[in-house]
Amino acid sequence: MARDLAGLTPGEGERLRRALGSGKGPEAIAPFREAFVAGARARGVSEATASAVFGQLEAFGGYSFPKSHAAAFAVIVYQSAYLKRYHPAALLVGLLNNQPMGFWPPAVLVRDARRHGVRVTPLDIQASEARCTLEGGAVRLGLNYVAGLGEAGVERILTARRARPFADLADLCRRTRLPKPLVETLILAGACDGWGVERRQLVWQLGTLRYEADELDLPIPGSPVELPPLSAGEQQALQMALLGVSTGEHVLARWREALTARGYTGSTSLGQLPAGQRAKVAGTVVVHQAPPAAKGYHFLTLEDEEGFINVIIRPHLVPLYRERRTGRLLTVEGIVQREGEVVNLVATRLTPH
Amino acid sequence: MTDWTTPYVELHCHSAYSLCDGASLPDELVDRAADLGMQALALTDHDTLSGAVPFVRAAEARGIHPILGTEVTMVGGSHLTLLVRDASGWQNLCQLISHGQARAPKGEAALPWDTLAEHTGGLICLTGCRRGPVAAAIQRLDMGRAERAARWLRDRFGQDHTVIEVQHHLHPGDGLLARHLLDLAAHLRLTAVATNNVHYARREQQPLHDVLTAIRLRTSLDAAGSRLRANSEYYLKSGGRLRPLFADHPELLTNTLRVAEQCGYRLAYGLQDLPRFPTPPGYDADGYLARLCADALRCRYPGGSERACRQLAYELRVIAEAQLSNYFLIVWDIVREARSRGIRCQGRGSAAGSLVAYLLDISPIDPLAHDLVFERFLSHERPALPDIDLDIAADRREEVIQYVFRTYGEAHAAMACTFSTFGKRAALRDVARVLDLTSEHLLTPGDHADDPTRALAAELCRQLEALPRHLGQHNGGMLLTRAPLATRVPVEPAAMPGRVVVQWDKTMLEEVGLVKIDLLGLRMLSALTEAEALVRATADPAFDLDRLTLDDPQIYQMIAAADTIGVFQVESRAQAQVLPKLKPACFADLMVAISLIRPGPLQGEMVHPYLRRRMGIEPVTYAHPRLKRALAETLGSSCSRSRCSRWRGTWRV
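So the protein lines, in turn, are chains A and B.
Just so we're aligned: 130 in the working numbering is position 130 of the first sequence, and the numbers increase by one with no gaps anywhere.
Just so we're aligned: 568 in the working numbering is position 215 of the second sequence, and the numbers increase by one with no gaps anywhere.
Careful, some of the hints might be misleading.
[Said to hold, decoys possible] Straight-line distance between alpha carbons at most 27 Å, and here's what the computed DSS-like set of lysine-lysine pairs gives:
hint: 1; chain 1: B; residue 1: Lys459; chain 2: A; residue 2: Lys295
hint: 2; chain 1: B; residue 1: Lys934; chain 2: A; residue 2: Lys295
hint: 3; chain 1: B; residue 1: Lys934; chain 2: A; residue 2: Lys280
hint: 4; chain 1: B; residue 1: Lys859; chain 2: B; residue 2: Lys459
[To be verified] Every beta carbon over 12 Å from chain A, so not counted as near; a handful from chain B, in silico:
hint: 5; residue: Gly416
hint: 6; residue: Ala643
hint: 7; residue: Ala779
hint: 8; residue: Arg807
hint: 9; residue: Ala847
hint: 10; residue: Ser925
Keep in mind the hints are simulated off the structure, nothing from the lab.
All C-beta atoms, glycine included, are put in the ideal place defined by N, C-alpha and C.
The following block holds chain A by itself, in its conformation from the complex (with noise of 0.2 Å):
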């Protein structure tokens, strides 16, 4: 391109290849220019033409991804899309033992893979393994998951579960000797529930259980106590808290009912609406993102119990809308607005709740 437009000799096109990729910046490149727009006068090409040619090249130069770099990517890009369409479970399973990785956390990829009909079981203290594992088809949640254990907290629950399944909370306690805080994380999350007992009552049982040296003194409270059982949704907050992924459905599945009633529209339903139309939707804040070239757009993803809605939130909303905390949920009213089959809502109102 520099030699066609410019004249430039392979020795100079090369010096500016690499000026334009080492990020050194403008000053590094600037003498380029002039000699680049010269040439080009010089062969008849008018100057704003080869100031915008040379604009290209100062924009891509500085970021640019070689086409061969891509090559090799795209064997990954292909690999990964392969196990994704045929193998979404082994797919996940890879994904979620391997974080942080890629542009999505946990908890999304694995609401993805439960729209694609993979199921994602709880974390289970007699069943999970250190990491993720297929368990018949299933992708089952690891230790790895739970903050704080460590390779040698995963070590003896495993080793003690190796001799046999763990009877009940004290016996969990008492031969894995494992820190109360942890059983407790386990406890809330989920992977106790197999004894039958409410996960409050096991945590009020915890609290009564004595670590002492050798031999456990494992006193039963005198007066059993009732607890409220924690809600489905508890539930599943707790799990996403403790675990940074929940196995259960979105937590806007139990509203879906309350908001059509209300006019809120799904991310499915909102796909299907023509350019132009208002519409309100409700998600959980998954990506907010504001890049520098966007010149004071911001951009959202909710997600729902059924895919992802884009929002595009214009420069002057922007300030109004402050709480960009992922997890959060929101409702956004605005402008369905369509480009093929992408389709974002322009919003009009935020409201956090």
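Given the structure of chain A, go ahead and fit chain B onto it with the hints provided.
For chain B alone, coordinates are given in the frame of chain A:
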């Protein structure tokens, strides 16, 4: 007030690579030295040569002679200034730095005196600042000890290469110290020179130097007290500035030129620095590479392919001419080893354009089938080194690194370093702490003009931002050398036990022509490995990700529908938005998709033209007819760098 009449060369000068001490980057110092009319300048950072590459580059650009050196810290804490005369001096200095760094906690050095004695060849020893062994003894009025120290150095470095260093910073006692040093020089018939122990290019930078000192001492300016330098005389001075300080001994200034003249060493490396790959008997590197490729060619193209044979012969010739066969063999060996351990691993980068890389299993892609350009990787006219970067399953990358260390020996392998700069955030935090302000105070928007403290703090932050703060281990960049590494480049211990890092980052290594092999960790490769194993265990024992034919229409339909969460590289929001417009339908489209959705093309407003053209909404036009040849494949938008290569391909007449 530039004085051109008193010739002088600064032989003792610290840059910002004396971390948290020097306040100017090497090029600022070089610029200032050139403006002052100096013909040469020495860089003598504390126990490091990290600044050497940018320093040499800047000096060559300004046409002054760069003298490489170091102020080494000895066991016991005294300082000596060493300057490189020739290649042997460079080797010795590199080894001295490595020894000194190896014997002290990170960020410090302690060089044993007997080690110094073993590596004096090719070096000039200046007796150092006030903390030099000679000056320190004189300050304690122990003249006998001062003379013994000077004699010790003279006996090791030689009469001609031991130089008494005299400094005058207008401190009380500086004059007296200088007189004693001069007496000693006369007594031992040693040359004496003036130096200024420069810590910043201009006097105005003294506040920044104070801030850096306080940061280094982890204290505030107030608490640092007398540990800060007492005045602002440590800037780069002209001969004219220094002359009045040494009025009775003008030879102290002119002698600096004589010392500079002895330091003719030029930093240079070549490709021959790589270790020699152990080829089987009867083969040299070129021959063995050709043999491996020929064998692989028969497997990859069972029916034979005249085009492939031609391309192979061409590439092998270019590689042999560039003396890179050995390099290819080394990379091939690493890939082979990784694969044999079941570690996923593949070449990244322009190597994908090379048939040789494909035949050696370095690259997963047949460049002939996918029309990739070899010249992007290596060509006759490019003296530059090609890069072969390897992506390796992240969880097992360390194994591969260990293998390389074992194969070529710990003395021949090191990781490149990285420098983290202060950056906006740390600069703000540190300046606030040093000035006893809260960072909120500095952050509050408003006009700084009416608040001198804030104005000063803001200015200090601005100056601090770009300075290097820490030296760390690069995430995978590995340097291999044939000669023991410590004789070729300066190295120091990394935080990881047993691991050393080169004191140069990857750009610096590249600039001096040292081959680095990047072993990058890629978590997706680990995820693929795990998923593949699960598929084999549960569904299809013969499943092999590397044998996929890359042409399943269902895969492309899924990608085109942006159903890509969890898929490598095309899962993000931006990509999902573009995919339905792009509708990749084959592998070539996929390559375009990946090069397209990057910040660069987006900023250059090229993505949307390409998409509209592809969807047929907009006619295909070229900014100028001359560009048609280069851009036809991307419909007139210049979205991938191999366009650039094709443009370059057409440069060749």
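Right, here's what the structure says about each hint:
A threshold of 27 Å between alpha carbons decides the hint, and for Lys459/B with Lys295/A the separation of about 44 Å lies outside it, so the pair is violated. For the hint linking Lys934/B to Lys295/A, the alpha-carbon distance of about 23 Å falls within 27 Å, and the restraint holds. At roughly 26 Å between alpha-carbon atoms, Lys934/B and Lys280/A fall within 27 Å of each other, so this suggested pair holds. Under the criterion of a C-alpha separation no larger than 27 Å, the hint pairing Lys859/B with Lys459/B is consistent with the structure, at around 21 Å.
In this structure Gly416/B is separated from chain A by more than 12 Å, as the shortest Cβ-Cβ distance comes to about 17 Å. No beta-carbon of chain A comes within 12 Å of the beta-carbon of Ala643/B; the shortest separation is about 23 Å. No Cβ of chain A approaches the Cβ of Ala779/B within 12 Å, the least distance being about 21 Å, so the stated non-interface status holds. Even its closest Cβ contact with chain A, about 25 Å, leaves Arg807/B beyond 12 Å, as expected for a residue assigned away from the interface.
The Cβ of Ala847/B lies farther than 12 Å from every Cβ of chain A, with a closest approach of about 24 Å, so its non-interface assignment holds. For Ser925/B, the condition that its CB be more than 12 Å from all CB atoms of chain A is violated, with the nearest at approximately 4 Å.
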